[in-house]
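Undergrad: Residue-level listing of the chains:
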Amino acid sequence: MSIAAARSPRFWERGDHEVSLARIYAIRAVSLLGVWGLFSTVMSLFDHAPDDRGMIKAMVSGLWVMAIIGIRYPLKMVPILLFELVWKLLWLIFFGIPQWWTGIGSPRLQEDLWSIGAFPIVCVLVIPWGYVWRHYVKEPAERWR
Amino acid sequence: MTAAVSASTPLVGPGEYEVSLFRLYVLRAMYLVLVVGLGAMIVPEIVDHELTSRGVIASLLGAVWLLAFLGLRYPLEMLPLLMFELAWKAIWLFAYGLPQWSSGQRPATFAEDSFNIAFGVVLLFVIPWRYAWRRFVARPGARWH
Numbered sequence: 019m020s021i022a023a024a025r026s027p028r029f030w031e032r033g034d035h036e037v038s039l040a041r042i043y044a045i046r047a048v049s050l051l052g053v054w055g056l057f058s059t060v061m062s063l064f065d066h067a068p069d070d071r072g073m074i075k076a077m078v079s080g081l082w083v084m085a086i087i088g089i090r091y092p093l094k095m096v097p098i099l100l101f102e103l104v105w106k107l108l109w110l111i112f113f114g115i116p117q118w119w120t121g122i123g124s125p126r127l128q129e130d131l132w133s134i135g136a137f138p139i140v141c142v143l144v145i146p147w148g149y150v151w152r153h154y155v156k157e158p159a160e161r162w163r
Numbered sequence: 007m008t009a010a011v012s013a014s015t016p017l018v019g020p021g022e023y024e025v026s027l028f029r030l031y032v033l034r035a036m037y038l039v040l041v042v043g044l045g046a047m048i049v050p051e052i053v054d055h056e057l058t059s060r061g062v063i064a065s066l067l068g069a070v071w072l073l074a075f076l077g078l079r080y081p082l083e084m085l086p087l088l089m090f091e092l093a094w095k096a097i098w099l100f101a102y103g104l105p106q107w108s109s110g111q112r113p114a115t116f117a118e119d120s121f122n123i124a125f126g127v128v129l130l131f132v133i134p135w136r137y138a139w140r141r142f143v144a145r146p147g148a149r150w151h
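Here the protein sequences line up with chains V and H, keeping their order.
Per the numbering used here, residue 19 is the first one in the first sequence, and the count goes up by one each step.
Per the numbering used here, residue 7 is the first one in the second sequence, and the count goes up by one each step.
Be a bit skeptical, because a hint or two may be false.
[Said to hold, decoys possible] Partial list, computed: chain V residues near chain H (C-beta under 7 Å):
hint : residue
1    : 68
2    : 74
3    : 83
4    : 84
5    : 91
6    : 95
7    : 97
8    : 104
9    : 109
10   : 151
11   : 154
12   : 156
13   : 159
[Claimed, not checked] Keeping only pairs whose Cα atoms sit at most 20 Å apart, straight-line, the calculated DMTMM-like set for lysine to aspartate or glutamate is:
hint : chain 1 : residue 1 : chain 2 : residue 2
14   : V       : 94        : H       : 83
15   : V       : 94        : V       : 34
16   : V       : 156       : V       : 34
17   : V       : 94        : H       : 24
18   : V       : 94        : V       : 157
19   : V       : 156       : V       : 65
20   : V       : 156       : H       : 83
21   : V       : 156       : V       : 70
22   : V       : 94        : V       : 36
The hints are simulated quantities; they were obtained by calculation from the structure and are not laboratory data.
The structure displayed is predicted, hence computed values, not measured ones.
Even for Gly, the Cβ is constructed at its ideal location relative to N, Cα and C.
Isolated chain H (complex conformation) (with noise of 0.2 Å):
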């Protein structure tokens, strides 16, 4: 009895390791949001597409989505990827969505980017900001010499 309790990991508390297992679970969901949701926007347009179309936001979409798979393994490892996300749809709101939402000077793709967009303020909860914090700010780099 006390075997098997101590086998399992709580799931709200982190316990013994960086984040409880509650976390990791967001942040698989969260991964598998972006499977689920750029498969179905993205890959099509990649593999079928105009013969001139430049295809550049399709392939670094494309590719969020290919690394997402990564994601459901790794959640903490690919953690990156997430801040990425966050960082470039943070930017595109300040620098173009709310801009452009008060002026009224929109381009013709603002309706459907700004929606797709803005869904990504989840990622603010998503994100372990405690863990972030300590890999990315407070622990040491690498090493430099």
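Chain V on its own, in the form it takes in the complex (with noise of 0.2 Å):
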């Protein structure tokens, strides 16, 4: 009883490990929804326009790829939630934001705030940040020699 007990900690705590189950499972959440919210542009892949640029399109299918990993590796694949949380930020502070307050923008601009900038939020919430102060910032550096 007790043993059970100690070997598995609320699901709301860390205990022992690195990060709750809670965590766990709200960045499997986010793969998932990664995975089917970007599989149309996985599609896409196989039926474009002969001469569409398509690096967009590529990078989008990198990402649901690395979700797929995400699933089954949610901590190790942090990384690639960092860089979601980075890019749409990079876009909505020199892109997006600029665009909407002047009112000038790409054609794209409200799909687009919709689509990339709404997002953050969710990186914000999902992401493990004291995961990332200990593996990313406090941890000392790969060895050197």
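Using the hints, put the two chains back together into the complex; each one sits in its own frame.
TA: Spelled out as structure tokens, the structure:
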């Protein structure tokens, strides 16, 4: 009884683990959302205009592959979550917000503001910041010699 | 003498570590290429661009640039970033680059894009595949309960 209790800390608590089980499921949920939501973009790879540039679709499809890995290894794929947060923030700061503010923007601004601009909030909520701090700031650098 | 020898790790073999010191330097060189290359190509585009520019590609690549700095310090932990780079570039080559190259129906950006993206082939030699296999396939995923 007591062994079982020690082995499985409560759902919301970290216990001896890196993050709580709730956090792992939150990351898995976002990864699953990515796999589901980006699937139509992946499918469009097989049917596009012959002279389409394809950069965005290829990058989004790359993120789709990473999201699949993220379901099994949510913590090891945290760099991808950080990437999602950073690129969307960059877009908001340098493109979305100035264009929305001035009223002069790309023709797809409204659509992008929603599909890109809303996600930094999700990323901020899902990213395990304590884990990020321990692993990507406090932890000594990987060896140099 | 012996203490000094055992304190410094061999450059080539992995020894007691996950990968060799040589591999860590190869990885760091790759992140440095991203820092320098994207820094020259993308950062100016983010900071100073047409008001109506959509900015999605610039923001995506800008985030790769920022996270590559973390890769200099933690080359193995940031491996998902390089995996993402390889994935999206391979996807672009197969879904866009090669078909457009063989059919001759190319977008105006083809020459520039295909050069920069095809350079990603070096990632095949940079990524430590045995380590990646162990870390992202063979080892059990994060806990489910």
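Undergrad: Determine for every hint whether it applies to the structure shown.
TA: Tested hints:
no.: 1; hint: 68; in the structure: holds (4 Å)
no.: 2; hint: 74; in the structure: holds (6 Å)
no.: 3; hint: 83; in the structure: holds (5 Å)
no.: 4; hint: 84; in the structure: holds (5 Å)
no.: 5; hint: 91; in the structure: holds (5 Å)
no.: 6; hint: 95; in the structure: holds (5 Å)
no.: 7; hint: 97; in the structure: holds (4 Å)
no.: 8; hint: 104; in the structure: holds (4 Å)
no.: 9; hint: 109; in the structure: holds (4 Å)
no.: 10; hint: 151; in the structure: violated (13 Å)
no.: 11; hint: 154; in the structure: holds (6 Å)
no.: 12; hint: 156; in the structure: violated (11 Å)
no.: 13; hint: 159; in the structure: holds (4 Å)
no.: 14; hint: V:94 - H:83; in the structure: holds (8 Å)
no.: 15; hint: V:94 - V:34; in the structure: holds (18 Å)
no.: 16; hint: V:156 - V:34; in the structure: holds (18 Å)
no.: 17; hint: V:94 - H:24; in the structure: holds (15 Å)
no.: 18; hint: V:94 - V:157; in the structure: holds (15 Å)
no.: 19; hint: V:156 - V:65; in the structure: violated (46 Å)
no.: 20; hint: V:156 - H:83; in the structure: holds (13 Å)
no.: 21; hint: V:156 - V:70; in the structure: violated (44 Å)
no.: 22; hint: V:94 - V:36; in the structure: holds (11 Å)
In summary, the structure is inconsistent with hints 10, 12, 19 and 21 from the numbered list given earlier, while agreeing with the others.
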